Amino acid sequence: QQPVQSPQAVILREGEDAVINCSSSKALYSVHWYRQKHGEAPVFLMILLKGGEQKGHEKISASFNEKKQQSSLYLTASQLSYSGTYFCGTAIAGNKLTFGGGTRVLVKP
Amino acid sequence: ETGVTQSPTHLIKTRGQQVTLRCSSQSGHNTVSWYQQALGQGPQFIFQYYREEENGRGNFPPRFSGLQFPNYSSELNVNALELDDSALYLCASSLYTTGRNEQFFGPGTRLTVL
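As they're listed, the protein sequences go chains A and B.
Count along the first sequence from 1, then add 342; that gives the number in the working numbering.
Residue numbers are given in the working numbering: position 56 of the second sequence equals residue 44, and the series is strictly consecutive.
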């Protein structure tokens, strides 16, 4: 069962903040976040692991609530380059990812 | 460090035909995963190869098959193409199969089935 992402879309002005959520009904080992621009491959942003470890992008922050099986990605002081579709991929074991439906982010000047 | 590459970039086939897509993994990576991404949706896991063996499969029929070679490059084969197979096919390489390791995606192959 795929994770549920919210919101489905968000429009920001440059410099504003946003939060993207990813919820799963299953106990997760890790959550992987990607950003995909139109016509391009998904670009790795961050991994959040059960137990609190994180690996990833310096300018992006995220959290993983193991009790709720929910992860949140924080876009802080957004830049035009943050525009794209954000996907969370969840892993129960190994790294066979189940992706959510995506959150479209548009950052306007 | 060489990134993930895929070929061809675009492909047009007709129903019933067969297709082979290719992926070269990032240097040093021994695991390749294949995903299908329909327009406007997230990628869906097809299968994964680790050291030339299939290491897990998603909810795809047997007409989707794959191979991994000793240099860790990989092929995805689809037989008896259907219209619904039209999608972006992405491969992702990683070091090992644990959920601790990031996967890096290639640019994808856009398959159109007419």
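Some hints here could point you the wrong way.
[Claimed, not checked] Below are the SDA-like pairs computed for lysine to any residue, each with C-alpha atoms no more than 25 angstroms apart in a straight line:
hint: 1; chain 1: A; residue 1: K397; chain 2: B; residue 2: D72
hint: 2; chain 1: A; residue 1: K410; chain 2: A; residue 2: K379
hint: 3; chain 1: B; residue 1: K1; chain 2: B; residue 2: L102
hint: 4; chain 1: A; residue 1: K409; chain 2: A; residue 2: L422
hint: 5; chain 1: A; residue 1: K379; chain 2: B; residue 2: T(-7)
hint: 6; chain 1: A; residue 1: K397; chain 2: A; residue 2: N363
hint: 7; chain 1: A; residue 1: K379; chain 2: B; residue 2: Y38
hint: 8; chain 1: A; residue 1: K392; chain 2: B; residue 2: R88
hint: 9; chain 1: A; residue 1: K368; chain 2: B; residue 2: I0
hint: 10; chain 1: A; residue 1: K379; chain 2: A; residue 2: G393
hint: 11; chain 1: A; residue 1: K379; chain 2: A; residue 2: G394
hint: 12; chain 1: A; residue 1: K410; chain 2: B; residue 2: P95
hint: 13; chain 1: A; residue 1: K401; chain 2: B; residue 2: P95
hint: 14; chain 1: A; residue 1: K397; chain 2: B; residue 2: V101
hint: 15; chain 1: A; residue 1: K397; chain 2: A; residue 2: S425
hint: 16; chain 1: A; residue 1: K379; chain 2: A; residue 2: A419
hint: 17; chain 1: A; residue 1: K401; chain 2: A; residue 2: G426
hint: 18; chain 1: A; residue 1: K410; chain 2: B; residue 2: T(-7)
hint: 19; chain 1: A; residue 1: K397; chain 2: B; residue 2: L102
hint: 20; chain 1: A; residue 1: K401; chain 2: A; residue 2: S365
hint: 21; chain 1: A; residue 1: K409; chain 2: B; residue 2: T86
hint: 22; chain 1: A; residue 1: K410; chain 2: A; residue 2: Q344
hint: 23; chain 1: A; residue 1: K410; chain 2: A; residue 2: N363
hint: 24; chain 1: A; residue 1: K368; chain 2: B; residue 2: H17
hint: 25; chain 1: A; residue 1: K397; chain 2: B; residue 2: N18
hint: 26; chain 1: A; residue 1: K409; chain 2: A; residue 2: G357
hint: 27; chain 1: A; residue 1: K401; chain 2: B; residue 2: A26
hint: 28; chain 1: A; residue 1: K410; chain 2: B; residue 2: N18
hint: 29; chain 1: A; residue 1: K379; chain 2: B; residue 2: A26
hint: 30; chain 1: A; residue 1: K450; chain 2: A; residue 2: K397
hint: 31; chain 1: A; residue 1: K392; chain 2: B; residue 2: F92
hint: 32; chain 1: A; residue 1: K379; chain 2: A; residue 2: Y416
hint: 33; chain 1: A; residue 1: K450; chain 2: A; residue 2: Q421
hint: 34; chain 1: B; residue 1: K1; chain 2: B; residue 2: V101
hint: 35; chain 1: A; residue 1: K392; chain 2: B; residue 2: T(-7)
hint: 36; chain 1: A; residue 1: K368; chain 2: B; residue 2: F35
hint: 37; chain 1: A; residue 1: K379; chain 2: A; residue 2: K397
hint: 38; chain 1: A; residue 1: K392; chain 2: B; residue 2: K1
hint: 39; chain 1: A; residue 1: K397; chain 2: B; residue 2: F48
hint: 40; chain 1: A; residue 1: K409; chain 2: B; residue 2: N89
Treat the hints as calculated values from the structure; they're not laboratory data.
It should be emphasised that the depicted structure is a prediction, and the values quoted were computed from it without experimental measurement.
Hint-by-hint comparison with the structure:
no.: 1; hint: K397/A to D72/B; verdict: 36 angstroms, violated
no.: 2; hint: K410/A to K379/A; verdict: 29 angstroms, violated
no.: 3; hint: K1/B to L102/B; verdict: 6 angstroms, holds
no.: 4; hint: K409/A to L422/A; verdict: 34 angstroms, violated
no.: 5; hint: K379/A to T(-7)/B; verdict: 18 angstroms, holds
no.: 6; hint: K397/A to N363/A; verdict: 18 angstroms, holds
no.: 7; hint: K379/A to Y38/B; verdict: 28 angstroms, violated
no.: 8; hint: K392/A to R88/B; verdict: 10 angstroms, holds
no.: 9; hint: K368/A to I0/B; verdict: 38 angstroms, violated
no.: 10; hint: K379/A to G393/A; verdict: 31 angstroms, violated
no.: 11; hint: K379/A to G394/A; verdict: 28 angstroms, violated
no.: 12; hint: K410/A to P95/B; verdict: 34 angstroms, violated
no.: 13; hint: K401/A to P95/B; verdict: 23 angstroms, holds
no.: 14; hint: K397/A to V101/B; verdict: 38 angstroms, violated
no.: 15; hint: K397/A to S425/A; verdict: 22 angstroms, holds
no.: 16; hint: K379/A to A419/A; verdict: 19 angstroms, holds
no.: 17; hint: K401/A to G426/A; verdict: 16 angstroms, holds
no.: 18; hint: K410/A to T(-7)/B; verdict: 37 angstroms, violated
no.: 19; hint: K397/A to L102/B; verdict: 42 angstroms, violated
no.: 20; hint: K401/A to S365/A; verdict: 23 angstroms, holds
no.: 21; hint: K409/A to T86/B; verdict: 22 angstroms, holds
no.: 22; hint: K410/A to Q344/A; verdict: 16 angstroms, holds
no.: 23; hint: K410/A to N363/A; verdict: 12 angstroms, holds
no.: 24; hint: K368/A to H17/B; verdict: 28 angstroms, violated
no.: 25; hint: K397/A to N18/B; verdict: 20 angstroms, holds
no.: 26; hint: K409/A to G357/A; verdict: 32 angstroms, violated
no.: 27; hint: K401/A to A26/B; verdict: 29 angstroms, violated
no.: 28; hint: K410/A to N18/B; verdict: 33 angstroms, violated
no.: 29; hint: K379/A to A26/B; verdict: 15 angstroms, holds
no.: 30; hint: K450/A to K397/A; verdict: 29 angstroms, violated
no.: 31; hint: K392/A to F92/B; verdict: 21 angstroms, holds
no.: 32; hint: K379/A to Y416/A; verdict: 18 angstroms, holds
no.: 33; hint: K450/A to Q421/A; verdict: 9 angstroms, holds
no.: 34; hint: K1/B to V101/B; verdict: 5 angstroms, holds
no.: 35; hint: K392/A to T(-7)/B; verdict: 31 angstroms, violated
no.: 36; hint: K368/A to F35/B; verdict: 20 angstroms, holds
no.: 37; hint: K379/A to K397/A; verdict: 22 angstroms, holds
no.: 38; hint: K392/A to K1/B; verdict: 43 angstroms, violated
no.: 39; hint: K397/A to F48/B; verdict: 31 angstroms, violated
no.: 40; hint: K409/A to N89/B; verdict: 23 angstroms, holds
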